[in-house]
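Novice: Line by line, the protein sequences give chains L and G. Residue 1 is where the first sequence starts when you use the working numbering, and the numbers rise one by one after that. Residue 1 is where the second sequence starts when you use the working numbering, and the numbers rise one by one after that.
Hint data in this document are derived by calculation from the structure and do not stem from the laboratory. None of the values given here were measured: they were computed from a predicted structure. Heads up, a few of these hints could be off.
[Claimed, not checked] Distance windows between CB atoms, simulated:
id: 1; chain 1: L; residue 1: 391; chain 2: G; residue 2: 12; range: 54 to 60 Å
id: 2; chain 1: G; residue 1: 20; chain 2: L; residue 2: 476; range: 41 to 47 Å
id: 3; chain 1: G; residue 1: 15; chain 2: L; residue 2: 647; range: 35 to 41 Å
[As the list claims (entries may be wrong)] Taking lysine-lysine pairs in the BS3-like style, the calculated list, with each CA pair at most 30 Å apart, reads:
id: 4; chain 1: L; residue 1: 586; chain 2: G; residue 2: 81
id: 5; chain 1: L; residue 1: 567; chain 2: L; residue 2: 544
id: 6; chain 1: L; residue 1: 271; chain 2: L; residue 2: 481
id: 7; chain 1: G; residue 1: 95; chain 2: L; residue 2: 386
id: 8; chain 1: L; residue 1: 340; chain 2: L; residue 2: 419
id: 9; chain 1: L; residue 1: 586; chain 2: G; residue 2: 95
id: 10; chain 1: L; residue 1: 481; chain 2: L; residue 2: 544
id: 11; chain 1: L; residue 1: 271; chain 2: L; residue 2: 315
id: 12; chain 1: L; residue 1: 115; chain 2: L; residue 2: 648
id: 13; chain 1: L; residue 1: 386; chain 2: G; residue 2: 27
id: 14; chain 1: G; residue 1: 81; chain 2: L; residue 2: 528
id: 15; chain 1: G; residue 1: 6; chain 2: L; residue 2: 340
id: 16; chain 1: G; residue 1: 45; chain 2: L; residue 2: 386
id: 17; chain 1: L; residue 1: 481; chain 2: L; residue 2: 648
id: 18; chain 1: G; residue 1: 6; chain 2: L; residue 2: 419
id: 19; chain 1: G; residue 1: 95; chain 2: L; residue 2: 528
id: 20; chain 1: L; residue 1: 386; chain 2: G; residue 2: 6
id: 21; chain 1: G; residue 1: 81; chain 2: G; residue 2: 27
id: 22; chain 1: L; residue 1: 648; chain 2: L; residue 2: 271
id: 23; chain 1: L; residue 1: 271; chain 2: G; residue 2: 6
id: 24; chain 1: L; residue 1: 419; chain 2: L; residue 2: 648
[Said to hold, decoys possible] Short, incomplete list of chain G residues facing chain L, as computed with Cβ under 8 Å:
id: 25; residue: 6
id: 26; residue: 10
id: 27; residue: 11
id: 28; residue: 12
id: 29; residue: 52
id: 30; residue: 64
id: 31; residue: 75
id: 32; residue: 88
Glycine included, every Cβ here is placed at the ideal spot set by N, Cα and C.
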Amino acid sequence: MENLGSLAILLAFCVALYAATASVVGRIKRKPFLIVSAGRAVYSVWLLVALASGILVSKLLTSDFSFSYVAEHSNRSMPILYKFAAWWGGQEGSLLFWTFLLSTYATVVVFTNRKRHRDMMPWVVAVLATLETFFLLLNNFIANPFRMLAVDKLITPVQDGQGLSPLLQYPAMAIHPPMLYLGYVGFAVPFAFAMGSLITRQPGDAWIHTTRRWTLVTWLFQSTGIMLGMAWAYHVLGWGGYWMWDPVENASLLPWIAGTAFLHSVMMQEKKGMMKVWNMVLISTTFFLCILGTAMTRGGLVQSVHAFARSDIGKYFVTFMAIGIAATIYLILDRLDYLKSESELESVISRESSFLFNNLILLASCFAVLWGTLFPVVSEAISGEKIALDADWFNRLMVPIGLFLLLLTGLGPLFAWRKTSIESLRRNFQIPGIAALVLVGGLFALGIHHVYALISFGFCLFVALTVLMEFYKGSMSIANKNSMNPVRAMVELTHRNTRRYGGYVVHMGIVLMFIGFSGQAFNQADTKEVSIGDSMNLGSYHLKVTDIQMGDTPVYQWHRATVEVSKGGEVVGTLEPEKRFYMASKQGTSEVAIRIRPNEDLYLNFGGMSDDNQRAILQVYIRPLVSWIWIGGLVLIFGTLICLVPSKVKMQYARTEVVGITKSHATIQN
Amino acid sequence: MKKYGKFAALITIVVGTVVWLAVTGGKQSQAYYKTVNEVHDMGTKAYGQRLRLEGNVATGSIQHVGAQTEFVLEYQNTRMKVLYTGTDPLPDTLKDGAQALADGRLGQDQVFRAGAVQAKCASKYETKPGLAPGQTAPNINTGKSSI
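Build the full structure now, drawing on both the sequences and the hints.
Specialist: Below, the structure written as structure tokens:
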């Protein structure tokens, strides 16, 4: 079976290489049969990669430990879900998973566009097939998942595998990597269309219309993946936080920020024919940040808690990106004439300008995160000293940037296109503005003096009210016109322009998440060594340790504390934080106990036993408003799904399609 | 041109603020990556500097003293005692032999006081089953030793 698997990925590599070559040659030499064969080659790559993946997964499920990958990442006692998840649990498997997703996407693209974009598609296929070739090169020659253990020759057969790290045996963690990967890989498609459009000197926005929905779905996967990662960190790692600016977390955030900027700025191109160069730059940036993200997780480019041991794989990624970026820059510069803007910025207070600033801030934050993440690499290259920047540095920078973005979320959608009058500003912003000021004043009077938290709560209310007013005004006008009830009118309103109102719902999700983030300003924590009968106080809670137990199961040993929680003299429940030690992997895990309430979480972690084994080390955290992050995340997902529903009313944009200005030598070449 | 002047001014303010925050925040937040032997070689210059000390946790060295934790990091035959002074729980991945990063300062008493400790995620342990650690498995697929 291992030979069949190896053969499948080797053949897939050859076929992908063929697809890329045949597509380009077929397009240039005008040989339709070559172009068609390239499309079929893309299907074949999928079949071959699916076969290889199927073999690997079946070996994982049947615990065939003669496969080195299976022995390292699975074991007999693991539930079937995690045996399957071990596919992306290690280096070789996850790279094969990447290739599998990419070839699936490529197949979908070729199939759905088989009758469209005749001139552009060969280049789209070429770009995707080149990317497939690169990843298959890694699968075949650098990180082959079908290595066997030399059983009966040098070493004894393996009775049981090492298993997936118990820290990763958590449902959110099983689906977090595929979500992020679906996002990472997905941006290859709009990028391929953008390049196809550039190469063939397309005058219009065909690439944007074709990939609009694709980009949204990809962005949705990425957002979900990032949030699952945060939820996992919070519920499993036991340090009471969800984000620490670790390089690998940043690696997932970078393409998300660039992708968010892209989602906004394409609206400028669709509606006003502006920012064409910018959109090309943005989608390319997003795509290469996705590749960089994969390289950072897989290539050990930056020291990180997550990063794999240093491997050679990094230099392949760096070479690939260098060539890719150079080619993209050349293409954009060479085709600048086709990307001329059709209108001009007219006023500082306009929708156009708010998009411009939205993009500027997003890009600035993207660059800041990239700079901070790569600072050890940069400083080592310049001064020979490897210098790291800590989480404080990121917070210092990203908190004000985030707050400014939040404000723009409220302002932007209410500015009119071209120019906004003072009168309409007053009409739109008077109520939310005053309400926000009242809230900030009230909170200040109640004793909250944390500046960023006050600003954040003020902005949150401001944005929330502007969004609600938009819904209210729109649905009331529909309700009055058609004598509908207001709720139905709201559904009708949303259905008429799903992208706009879905977008507002996404903004609402962001507001809720910011409420959650602001809770950080009021975090409290304490650590104590306790024995049975001891008690401690934190915030408004009184905690009493009623029991400390230990025991073992066939898989792990455990220590558990039973803690009675009271508030204002009244017992409100018991929490049982637990510490486990898994025998097979010799690894400890924390099973934290959290009392979740909308206003705050009480978070208990069993830190360990004291050396004399008599007392337990209990870590207690109060984490205000954290739940709102997860609620906001769900709202964001819901809003994005609304955006994906086709609008009932087809939007007619006022602008006319302008045919690109052709250079004299750029008449249709073929 | 007045309109573009306004845009330029706004953009300058935004970018300027970000750069200012990045630069002024840089100094206090910087930590030098050093392995245990490098810090040892720095001699007295290492005292009081903010460092990120890299090494492997010496077997059997993790001890709890009161609410504090002590362990020894070693790298290329040099050892250094680390006292963890932070309040967050130590990562579960911190165990004998794990590769760890301690963020803190070295005192005159040769004890490294760390406010934060990271240990490499356990999923990344790529030792081969059935073999002693450090020994690489022969590979019958390619004839090369595996990574």
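Novice: With reference to the structure, classify each hint as holding or not holding.
Specialist: Results for each hint:
Here the CB-CB span from residue 391 of chain L to residue 12 of chain G is close to 29 Å, at odds with the stated 54 to 60 Å. For the pair residue 20 of chain G and residue 476 of chain L, the beta carbons lie near 45 Å from each other, so the given range of 41 to 47 Å is met. Evaluation of the 35 to 41 Å hint for residue 15 of chain G and residue 647 of chain L yields a pass: the beta carbon distance comes to about 36 Å. The hinted pair formed by residue 586 of chain L and residue 81 of chain G meets the criterion: a straight-line CA distance of about 23 Å does not exceed 30 Å.
The hinted pair formed by residue 567 of chain L and residue 544 of chain L meets the criterion: a straight-line CA distance of about 11 Å does not exceed 30 Å. Pair hint residue 271 of chain L plus residue 481 of chain L holds up; C-alpha atoms about 28 Å apart against a cutoff of 30 Å. For the suggested pair residue 95 of chain G and residue 386 of chain L, the alpha carbons sit about 25 Å apart, so the restraint of at most 30 Å is met. A threshold of 30 Å between alpha carbons decides the hint, and for residue 340 of chain L with residue 419 of chain L the separation of about 22 Å falls inside it, so the pair holds.
For the suggested pair residue 586 of chain L and residue 95 of chain G, the alpha carbons sit about 8 Å apart, so the restraint of at most 30 Å is met. For the hint linking residue 481 of chain L to residue 544 of chain L, the alpha-carbon distance of about 62 Å lies beyond 30 Å, and the restraint is violated. As the CA atoms of residue 271 of chain L and residue 315 of chain L are separated by approximately 42 Å, the hinted pair breaks the 30 Å bound. For the hint pairing residue 115 of chain L with residue 648 of chain L, the CA-to-CA distance comes to about 26 Å; that is within 30 Å, so the pair holds.
A distance of roughly 14 Å separates the Cα atoms of residue 386 of chain L and residue 27 of chain G; the hinted pair therefore holds under the 30 Å criterion. Under the criterion of a C-alpha separation no larger than 30 Å, the hint pairing residue 81 of chain G with residue 528 of chain L is consistent with the structure, at around 24 Å. At roughly 23 Å between alpha-carbon atoms, residue 6 of chain G and residue 340 of chain L fall within 30 Å of each other, so this suggested pair holds. The suggested pairing of residue 45 of chain G with residue 386 of chain L holds, with an alpha-carbon distance near 17 Å, which does not exceed 30 Å.
This hinted pair checks out: residue 481 of chain L and residue 648 of chain L have alpha carbons roughly 18 Å apart, not beyond 30 Å. Between residue 6 of chain G and residue 419 of chain L, the direct Cα distance comes to roughly 14 Å. Compliance with the 30 Å bound is thereby established for this hinted pair. At most 30 Å may separate the alpha-carbon atoms for a hinted pair to count; residue 95 of chain G and residue 528 of chain L meet this at roughly 22 Å. As the CA atoms of residue 386 of chain L and residue 6 of chain G are separated by approximately 41 Å, the hinted pair breaks the 30 Å bound.
Our distance criterion of 30 Å between C-alpha atoms is met by residue 81 of chain G and residue 27 of chain G, whose separation comes to about 27 Å. Between residue 648 of chain L and residue 271 of chain L, the direct Cα distance comes to roughly 18 Å. Compliance with the 30 Å bound is thereby established for this hinted pair. This hinted pair checks out: residue 271 of chain L and residue 6 of chain G have alpha carbons roughly 24 Å apart, not beyond 30 Å. Of the supplied pair hints, the one linking residue 419 of chain L and residue 648 of chain L holds, its CA atoms being roughly 28 Å apart against a limit of 30 Å.
Against a cut-off of 8 Å between C-beta atoms, the interface hint on residue 6 of chain G holds, since the closest Cβ of chain L lies about 5 Å away. Hint on residue 10 of chain G holds. Least Cβ distance to chain L is approximately 7 Å, under the 8 Å limit. Proximity of residue 11 of chain G to chain L holds as hinted, the smallest CB-CB distance being about 6 Å (cut-off 8 Å). Checking residue 12 of chain G against chain L by beta carbon gives a least distance of about 11 Å; that is not within 8 Å, so the hint is violated.
Hint on residue 52 of chain G holds. Least Cβ distance to chain L is approximately 5 Å, under the 8 Å limit. Against a cut-off of 8 Å between C-beta atoms, the interface hint on residue 64 of chain G holds, since the closest Cβ of chain L lies about 5 Å away. Interface restraint check: residue 75 of chain G against chain L, minimum CB-CB distance 14 Å, threshold 8 Å, status violated. Hint status for residue 88 of chain G relative to chain L: holds, with the closest Cβ pair at about 5 Å, below 8 Å.
The structure shown violates the earlier hints numbered 1, 10, 11, 20, 28, 31.
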